[in-house]
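Asks: Protein sequences, first through last, are from chains A and B. For what it's worth, this note's numbering labels the leading residue of the first sequence as 31, then goes sequentially. For what it's worth, this note's numbering labels the leading residue of the second sequence as 49, then goes sequentially.
Derived from the structure by calculation, the hints contain no laboratory data. Using N, Cα and C, we set each Cβ at its ideal position, and we do this for glycine too. All clues stand as given, with none of them false.
Covered stretches of chain A (in silico footprint by chain B; criterion: 3 or more residues with CB under 8 Å from a CB of chain B, positions within the stretch not fixed):
hint, segment
1, 247 to 257
2, 410 to 420
Partial list, derived from the structure: chain B residues whose beta carbon lies under 8 Å from chain A:
hint, residue
3, GLY151
4, PRO152
5, SER154
6, ASP248
7, ALA253
8, ILE255
9, ASP257
10, LEU300
11, GLN305
12, PHE306
13, ALA313
If you want the building blocks of each chain, they are given just below.
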Amino acid sequence: MGIKNSPGRIVLCSSFLLVLALPLAVPSLNPQEPEAWQVISLDQKNCSLSRLAGLGLDILKQREGKILVVSSARDRLRLQEAGLPFRQETAFSGRPAAVLSPAGGGINGDYHSYYELEADLKSLESGHPGLAKVLNLGQSLEGRTLYGLKVSANVGVSEPEAQVLFLGCHHAREWISVEVPFLLGKYLLENYLTDSRVRDIVDRSEVWIVPLLNPDGLEYSIHVYRYWRKNRRPNDDGSVGVDLNRNYDYAWGWDDSGSSPDPDSAVYRGPAAFSERETAAVRDLFLRNDFQAMVSYHSFSQVIYYPWGYIRQPVENAARMKTLAAGMAQRIQEVSGTVYRQGQSSLISYMTNGETTDWAFGLYGIPAYTIELEPSNEQQGGFFNAESEILPVFRDNLPAALYLIEDCIDNYVPPSGLAYQAPRRKAREAAIR
Amino acid sequence: MLKPKVVVVTVLTIVLSLLPRPGRAQTATGQYEEEAPVGTWNIFGPMGAAGLSLGETVFVRGDDASVLFTNPALLTRLPRLAVSLGGYLQVATFFRYGPVNTGPVSTVGNAGLRTAAADVAALAFRVLGWRVGLGLGLSEVFDRPIVEARYSSPYYLFSFEQDGQLRTLNLSLAREVVAGLSLGLGLNLVSGRWEWKMTDSWSAATITDNRKRNFKGFFLSGGLHWQASDGLSLAAAFRAPYERKADSQSLLRYQAQFADILIQADGQDAFRQPLVLGLGLDWRCLDMFRLAGQISYWNWSSYRASIFGEEQARDFRNVWTAGLGLEYMSTFRLFQQDLDFPFRLGLVYDPQPMGSPRSAYLKFSLGFGLRWQGFRLDMGALIGAEKGSGWDLMANRLALTLTWSSGPGPGKG
Numbered sequence: 031m032g033i034k035n036s037p038g039r040i041v042l043c044s045s046f047l048l049v050l051a052l053p054l055a056v057p058s059l060n061p062q063e064p065e066a067w068q069v070i071s072l073d074q075k076n077c078s079l080s081r082l083a084g085l086g087l088d089i090l091k092q093r094e095g096k097i098l099v100v101s102s103a104r105d106r107l108r109l110q111e112a113g114l115p116f117r118q119e120t121a122f123s124g125r126p127a128a129v130l131s132p133a134g135g136g137i138n139g140d141y142h143s144y145y146e147l148e149a150d151l152k153s154l155e156s157g158h159p160g161l162a163k164v165l166n167l168g169q170s171l172e173g174r175t176l177y178g179l180k181v182s183a184n185v186g187v188s189e190p191e192a193q194v195l196f197l198g199c200h201h202a203r204e205w206i207s208v209e210v211p212f213l214l215g216k217y218l219l220e221n222y223l224t225d226s227r228v229r230d231i232v233d234r235s236e237v238w239i240v241p242l243l244n245p246d247g248l249e250y251s252i253h254v255y256r257y258w259r260k261n262r263r264p265n266d267d268g269s270v271g272v273d274l275n276r277n278y279d280y281a282w283g284w285d286d287s288g289s290s291p292d293p294d295s296a297v298y299r300g301p302a303a304f305s306e307r308e309t310a311a312v313r314d315l316f317l318r319n320d321f322q323a324m325v326s327y328h329s330f331s332q333v334i335y336y337p338w339g340y341i342r343q344p345v346e347n348a349a350r351m352k353t354l355a356a357g358m359a360q361r362i363q364e365v366s367g368t369v370y371r372q373g374q375s376s377l378i379s380y381m382t383n384g385e386t387t388d389w390a391f392g393l394y395g396i397p398a399y400t401i402e403l404e405p406s407n408e409q410q411g412g413f414f415n416a417e418s419e420i421l422p423v424f425r426d427n428l429p430a431a432l433y434l435i436e437d438c439i440d441n442y443v444p445p446s447g448l449a450y451q452a453p454r455r456k457a458r459e460a461a462i463r
Numbered sequence: 049m050l051k052p053k054v055v056v057v058t059v060l061t062i063v064l065s066l067l068p069r070p071g072r073a074q075t076a077t078g079q080y081e082e083e084a085p086v087g088t089w090n091i092f093g094p095m096g097a098a099g100l101s102l103g104e105t106v107f108v109r110g111d112d113a114s115v116l117f118t119n120p121a122l123l124t125r126l127p128r129l130a131v132s133l134g135g136y137l138q139v140a141t142f143f144r145y146g147p148v149n150t151g152p153v154s155t156v157g158n159a160g161l162r163t164a165a166a167d168v169a170a171l172a173f174r175v176l177g178w179r180v181g182l183g184l185g186l187s188e189v190f191d192r193p194i195v196e197a198r199y200s201s202p203y204y205l206f207s208f209e210q211d212g213q214l215r216t217l218n219l220s221l222a223r224e225v226v227a228g229l230s231l232g233l234g235l236n237l238v239s240g241r242w243e244w245k246m247t248d249s250w251s252a253a254t255i256t257d258n259r260k261r262n263f264k265g266f267f268l269s270g271g272l273h274w275q276a277s278d279g280l281s282l283a284a285a286f287r288a289p290y291e292r293k294a295d296s297q298s299l300l301r302y303q304a305q306f307a308d309i310l311i312q313a314d315g316q317d318a319f320r321q322p323l324v325l326g327l328g329l330d331w332r333c334l335d336m337f338r339l340a341g342q343i344s345y346w347n348w349s350s351y352r353a354s355i356f357g358e359e360q361a362r363d364f365r366n367v368w369t370a371g372l373g374l375e376y377m378s379t380f381r382l383f384q385q386d387l388d389f390p391f392r393l394g395l396v397y398d399p400q401p402m403g404s405p406r407s408a409y410l411k412f413s414l415g416f417g418l419r420w421q422g423f424r425l426d427m428g429a430l431i432g433a434e435k436g437s438g439w440d441l442m443a444n445r446l447a448l449t450l451t452w453s454s455g456p457g458p459g460k461g
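Work out the full structure, taking the sequences as your base and the hints as a guide.
Replies: This is the structure:
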C-alpha cells in the first residue's frame, strides 16, 4: 500500500518534517544551563584586588595594569552595579586551541607516576650525596612506599636547624601537587653549588619534602579514573577511599559539613582519626622532627589558606602566620602576575575538619598552609594542568617557598642547650664532591 | 539400548534448561585488571564444543580440528581431511572492573555481559605422512559491560566502554613417530586489539580518556599422544611462555570554556604469558562409556604486565586446573540413517591466579554430538559458578562446532 495522491504525500512529508523539527524547536527551559563564562579585565587604577575579592570574583592574574577575572553573567552584573568598568578579553573568548605536548613519561605524560617518582627521588639522592636523603616513611595499603626527601647540608645528621615540611598529593587527582614539592627539592639540590641563596638555605635548614602522600590513589587516578580524590581503603559499605585531608586528629569529625561520616562521600573522614597509613606517616614524621612551618600543596583555586578550617572563629595568636601568607602571595604575584588569594580557610572558602593545617597549627602551633595551586577555576582546567604548565606553576611558587624557609631560618631558636652552628666546612665539601 | 527419541528429548530438555541466562553469568575475579579475559584467566586456546562439554578435556581426545590449538599431536587422531567451524554464546557477570565498584561507579549486584562470536576455524589434512593443521581462533575477549550513568544534574554524564579480543593463527605439524605415539608442534601468531573509552562530563567541563592497544605475539605449543591400548590413551601438552606485546596509545583530554588540555602518549605494553603444562587421559572404562581427565599447571607467578613501559602490580600465584568428563556413546536410526549420538558430562575446577582474594570456579558441563557419515555436530554447555571473591560470579558458555571430515580415521591410512 502506498500514498499515491499528491495531498497525501504533502501531509506525509509535512508530518515527517514536523516530527524532525520538533526537538529543535523546543526551547530549553532548564534553569541549570551552564553559565556564559567570560574572562574580563579591569583597570587596576579603578579598583583593588581586595575590593574585587569582596565581590566574590574569581581573580586570575594581575599584570600590565590590568586585573584579569573569570566572570559569570551574574558577576558582570554585579560589577556594573558597583560601577566598575570592565572589558572582555577576546584572547580568552571561545574554546582555545588544544594544548598538546607529546607525553614523554607514559600514560600520564610529564607528570610523575609512583614508579617514576620513586626512581627520580633515588636519582636525586644518589646524585647529591651529603645533601639529599630519601626516607621510607611507611607503606600504603597497597604496599607502596611513602617517600620523604630530606634536603640539608650534612643530611645524614639531625642538626639544630630550622625544619620546614612540604607535602604533596593528599588528593590523588591533584597531579600538579606532586610536581611542585618535588621540583622544589630538585631545585634546591641542583642549584646548591651555583646559587648562594640556595646554598645558604640548604646549609642552615632541613627541608623535608613528601611529594606523594597518596600513591595508591594517584596510581588509580592515572590508570582508571582521572578524578579520583581519596586513598584506596576498601570501606565496609563497599565504597572505596578515605579523604586523607579529613583524617588528622585535630577537630576530627567536628561536624558533618567539614567532613563526612559517609564512606561513599568524597570527603569521608575515615573510621577514626589517623586510621590511614598515609596520615599516620605524617604524624610520625612530626613526632620525629621539630618543624617550624608546613605547606600542603593542593589544587586548584590559586589560594593560600591558613587555619582555621573547622570553625569560622578568626584564628588567634597567628600574626606571623598571616604575615607569611601575605608575603607568599605577594612573591607569587611578583613572578608572573598570577594572583593567589590568601586568608583563613573557613572564612574565604568552605569548612573543613580533620584537615592537615588545622592539625599542624592546632597541635604544634606552627604556621601551616594549604596552597591551592593553579588554575583558578574549572573553566581553566580545574584539576588538569597542561604538561607545559608544570614548570610555570612551580616557578610561580618557588619564591614563596624560599621565603617561608628563610623566615623559619631567621626565626629559628635552637632547643635550649644547643647552640646553632653553621654546617661544618667538611660536610659542605663532602656534599660538593 | 535406550530408545533414541527418549534420549534425544531428554538430553535436549536438560541442555535447554541449563542454557545460559542473560545477565547471569560470570567472569574471573580480578577483572579490575584491564587485560583480564572474560570468563577465566586460564585459557589455553580456542576449544571445540566436544572438549568443552567433556570437562574442558582438550589435551587427549581428537574430536575435531580445533585440537591443533591445544595439542597438535592429536591431529594424527583425525581423519585424512577435517574442517571444523565453531561459535559460542557466552554470558558472564562482572562485579569489579575499570571504574565499576572500584570508585566512581557502584552497581547493585553484578553486571552482565553477553558475547557471541565465531571462535574456531580449523583445517587438518595429511601430506606425505605428516599431519598439517591450520587454524584461526578467537582466544580471548576483553569486553566489559557498558556503563552509562546520569546523575542528578542533567549535564552530568559518565560513560565507560571497554572491548577487545585476541586472535590466534596456528600452523601445526604432527606425526606418528612410532606405532601409537604421536608428536605435534604448533606455531602460533597472536594479534588483537583492546580499547577503553571513558567520558566524564558536567556543566563546566568534559574529560575524555581514550586508550587502545594492538597486540602481537608469537608462541610455540606442542604435545604428544600415546595410544597405550585400545581403551587407554595418554597425552601431554605445553604452551611456551611468551610476551604478548602491544603498541599502545592514550589520549586524556580536558575540555572547558577556557581550557583544552591534552595528554597524549604512545607507548609499548607487554604482558608476559605463563608456561602451561598439561596431562590428559582417555579411558574406555565400559563398552559405551569413556572417561576423560586432564590436569594443567599454569605458571602464573611469572606473569608480568607492563603498561606504557611501567610494570604494574599483579599478585599472581601458580595454579593447577583439573577437568573430568564422561561420555556415553549411543547409536540410533533416524530417517533411515545410522547416527552416532555421544552424550557428555563434565566437571572443571578452575582456580584463578590472583593471590587475593583466592577464587575458583567450579564448572559443570554437558553436551552431545551427532555424527552422520562425514559430518559431525557437537554442542556443549558450560555452567560455571565462582566462589571466593564474595560476589558469586557466574560464567556460562554455549558452544557449537561443526566438523566435516573425509577419509579413514586414525591408524587407517
